[in-house]
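Colleague: Heads up: the protein sequence lines correspond to chains Z and B, in order.
Position one of the first sequence corresponds to residue 1 (the working numbering), numbered consecutively onward.
Position one of the second sequence corresponds to residue 1 (the working numbering), numbered consecutively onward.
Source of the hints: derived by calculation from the structure; they are not laboratory data.
Take the hints with a grain of salt, since some may be wrong.
Think about it this way: if two alpha-carbon atoms lie no more than 20 Å apart in a straight line, the pair counts; the simulated EDC-like pairs of lysine to aspartate or glutamate are [as the list claims (entries may be wrong)]: (1) B:359 / Z:224; (2) Z:120 / Z:224; (3) B:559 / Z:224.
Taking beta-carbon pairs under 8 Å as the criterion, some of the chain B residues facing chain Z (in silico) [what the hints assert, rightly or not]: (4) 135; (5) 139; (6) 140; (7) 142; (8) 143; (9) 164; (10) 168; (11) 233; (12) 237; (13) 240; (14) 324; (15) 330; (16) 443; (17) 444; (18) 467; (19) 511.
Model, not experiment: these values are computed from the prediction.
For each residue, glycine too, the CB sits at the ideal point set by N, CA and C.
Now for the letters of each chain:
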Amino acid sequence: MFAHALNAYLQVQVPGVAERRITDIFKPMGTPGYAEREAALFTIGVTAVIFVVVAGLIVYTVWRFRRRPSDDSAQEPPQVYGSNQIEAAWTIIPILIVFVLIGVSARVIAGVENASPPPKALKVRLIGHQWWWEVQYPDYGIVTANEIHVPATPDGQRATYLELTSVDVIHSFWIPELAGKTDLIPNRVNYAWIDPRVPGVYVGNCAEYCGTQHAQMLLRVIADTPENFKTWTEQQQRPAENDPQVSDARNVFGSLACVNCHDIRGTPSVGKFGPDLTHLMSRRTLAAGVLVNDTKNLRAWVDDPQKAKPGCLMPSMKLNDQQLEQVVSYLQSLK
Amino acid sequence: MASIDYPLEHPKAEALTPEFSFSESLYKWVATVDHKRLGLMYVVSALVFLVIAGIMASVIRMQLAFPLNHVVGPDTFNRLFTMHGTTMVFLVGMPMVAGFSVYLIPLMIGTRDMAFPRLNAFGFWIFLLGGCLLYFSYIGGGGLSGDGSAPDVGWFAYAPLTEKAFSRGAATDYWALGVLLSGVGSIVTALNVIATTFCMRCPGMTLSRMPMFVWVMLIDAWLVLVALPPLSAAQIMLELDRHLGANFFDTQAGGSAVLWQHLFWIFGHPEVYILIFPAFAILSEVIPVFSRKPLFGRPAMVGAVTAIGFISLGVWAHHMFAIGMTSWSNTFFAASSMLVGVPTGIKIFNWTATMYGGKLRMQTPLLFCIAFLLQFLVAGLTGIMLAVAPFDWQLHDSYFVVAHFHFTLVGGLVFGLFAGMYYWFPKVSGKMLDEKLGKWHFWLFCIGFNMTFLTLHFAGFLGMPRRIYTYYPGRGWDAINLIASLGVIPQAAGILCFVWNIIRSSLRGIPAGDDPWDAWTLEWATTSPPPEYNFEKLPVVRSSRPLWDLKHPQDPDWKYE
Ligand SMILES: [Cu+2]
Ligand SMILES: [Cu+2]
């Protein structure tokens, strides 16, 4: 319903830069966000008019009827008790305004919530964990974390439909430029959809308080061109890189407790408690968007995750320097 | 026709009061069942908690002043906002409701005490016990495992974060039990208020002649009685979950996280009206007296509070627009939430109309009322924005919501309470508060408040979620947060002026006399402070402004009502 209007609106928007970090809800890049903006602007318009009228009346009254030093203080002003006509007027007019707003809300609610997926829609399952996001693509057999790759869809035909749930407490999915919030609730599956019109990286935070590191639970939606998205899926579907140059390092990794918590497909490391590391190096960030994924940060993270993200559920593994070196070089081979 | 049954002049009450030693007077306070002493103790303990929670808020704002700031760590921060919110709602707002009610209602309806004086004392002490229990968590919250301290689950304590698996130690238990106990206090006080207003009104005071303050607090008491038990029940269920293996909210064992939200907000939304009603009640007394006109549209005002009371019981799920309800449910709750704006608007219009054509005495109590009107207008309109469910999908749990409810609870309730304190302090203490300090208090607090909370609306527009202990630079939030944090300084300075004003004026303020504001309700017909028995002879009234009738025998109200 809002797709056409959005197309017209996007004509005059600057296309997305590499990473859009100012997440302004009034600059949407997808249909749900755009529909919500329409409702928002209309509401703001109506309430602004009400504000100007009523605040103006209050200020005028105070100014006009303030007691001046010249006033005869013994003289009381005329005692007015009320007026039924006036009461009726300021009851009925607000009711009419409210009905208009209800109509607008109902229309947008239905437009966003009851939209049915187009045939080419992509399906993604997003699972909340205490302080990171698991991302599954059931149709592709891909599992990754904290960064959702989706195709950008200039015409909105390749929207992404998300199934949302959680393994522990409540989290909330919110990418301000693409769509408002939908909660990830344990024991329950919720749905949301996004259709980024322009390639780019869209940032969002977990929006429901979920414990110690709620603040550092960022989520990125990376909207690729269709070609890049295809390359990405093909690369993600492969099992882990088996680089002979790091076979020693791989053995060190395999001997550590890392394997109990992390899955690296095609290796004996099959833990499910932490993020899947099979293609770790294909991610831009570490630990739910807290660190840029480079050598220095990766080493610092493996050395002591509690420094970058105090309270997070990966313990400090107390590796010695040599182990640390080898584990990091192995992780860096996971292209 | 009018017979004056109660004199405006009294013999000096001091002459009758003997001197007490310290331990005697301490005993008198602890063992008292006098509604005035209890009311005062409620308000003073609420003020103490207000200062504590205000200091917590200042630390929160210090931490958020700059991106990646290091004043406190995540765990401390999470405890701070949990304790700040819980304290402000349950240990500041609720005792203020109770304190103003039990102090003023018997005086205003011309009687000697509450219907159940002992229950009144029980209500106060159980509330204080609940508050102390909550704060004891800083010491005892570690439980046997030593894991944890004060609660860190947020003031609405969403399941399953509160379950044993995610909240070890005893902190959450202190939260649940402390709030449960203080809730018992609120419930018994509500019962007491209802019984008092129904049974104890002085001769001639029909319901339609009851002061507006009493009307609003009566409806408030009903709302407490209906809304609080679901919360108490939910807290008991939570304790059953945590200690006796029930699985109401334990999602790991098949419980429901959404059930907690329903139970909490069935209480939680009416609660915001429970908290704002005292401000409505105070404005309805202060504005007429300082405008020198009767309240415009009294019947409409009573109708409006009653309507708000009823509608507010059917809007709770507007706190849950993001949990994935059907489009029909979302539409229903959007509609009911917007409807609540209609009676609220009626109240604002009527207060303004009361001032219209009056002679406004621009003294501190009225200044706070005027700021209330403008700020509460903003709060109401941002409330409409939040009620538009699609807009709420963006705004929910963002700093916009934080700004919105601080506009209702600080810009509304706290400003209203200040108006009330400046208005009734002379009655309670017999001394006037200093006008000059009062004006300083008003302007500093008003400017600081708007610096902090007007700006925070925009952080929400830029995608800043609430309850984050830190944030990264470059997201457009830095300047907003810095201004918001700087706003703490004038607010704190304003509060200092207020505290200093109270101390100084109680010691050597100008004597107030019985009726310093030339007011119209019965509390001004007795001495300041009122004697233990309130009235030597119970008054008889013939209109809603008995003292007006007395002062204007040629033109009494009862001719028109
Ligand atoms: Cu979170
Ligand atoms: Cu609400």
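Colleague: Would you mind marking each hint as holding or not holding in the structure?
Modeller: Each hint, compared with the structure:
As the CA atoms of residue 359 of chain B and residue 224 of chain Z are separated by approximately 67 Å, the hinted pair breaks the 20 Å bound. Taking the CA atoms of residue 120 of chain Z and residue 224 of chain Z, the gap is about 16 Å. The hint holds against a cut of 20 Å. Between residue 559 of chain B and residue 224 of chain Z, the direct Cα distance comes to roughly 78 Å. Violation of the 20 Å bound is thereby established for this hinted pair. Against a cut-off of 8 Å between C-beta atoms, the interface hint on residue 135 of chain B is violated, since the closest Cβ of chain Z lies about 22 Å away.
Annotation: residue 139 of chain B was flagged as interfacial toward chain Z, and the flag is violated, the nearest CB pair being 21 Å apart, outside 8 Å. Taking 8 Å as the C-beta contact cut-off toward chain Z, the hint placing residue 140 of chain B at the interface is violated, the least distance being around 21 Å. At a threshold of 8 Å, the smallest CB-CB gap from residue 142 of chain B to chain Z is about 16 Å, leaving the interface hint violated. The beta carbon of residue 143 of chain B comes no nearer than 17 Å to any beta carbon in chain Z, farther than 8 Å, and the hint placing it at the interface is violated.
This hint is violated: residue 164 of chain B has a C-beta 13 Å from the nearest C-beta of chain Z, more than the 8 Å allowed. Taken as an interface hint, residue 168 of chain B does not check out: its beta carbon lies about 12 Å from the nearest beta carbon of chain Z, beyond 8 Å. With 8 Å as the threshold, the beta carbon of residue 233 of chain B stays out of range of chain Z, its nearest partner Cβ sitting at about 21 Å, so the hint is violated. The interface hint given for residue 237 of chain B is violated, since its Cβ lies 16 Å from the closest Cβ of chain Z, which is over the 8 Å cut-off.
With its C-beta approaching chain Z no nearer than about 19 Å, residue 240 of chain B sits outside the 8 Å limit, and its interface hint is violated. Interface restraint check for residue 324 of chain B: the shortest CB-CB distance to chain Z comes to about 4 Å, inside 8 Å, so the restraint holds. The interface hint given for residue 330 of chain B holds, since its Cβ lies 5 Å from the closest Cβ of chain Z, which is under the 8 Å cut-off. Taking 8 Å as the C-beta cut-off, the interface hint given for residue 443 of chain B is violated, the closest approach to chain Z being about 15 Å.
Interface hint status for residue 444 of chain B: violated, as the beta-carbon distance to the closest one in chain Z is roughly 20 Å, over 8 Å. Annotation: residue 467 of chain B was flagged as interfacial toward chain Z, and the flag holds, the nearest CB pair being 4 Å apart, inside 8 Å. The closest approach between the C-beta of residue 511 of chain B and any C-beta of chain Z is roughly 20 Å, which is over the 8 Å cut-off, so the hint fails.
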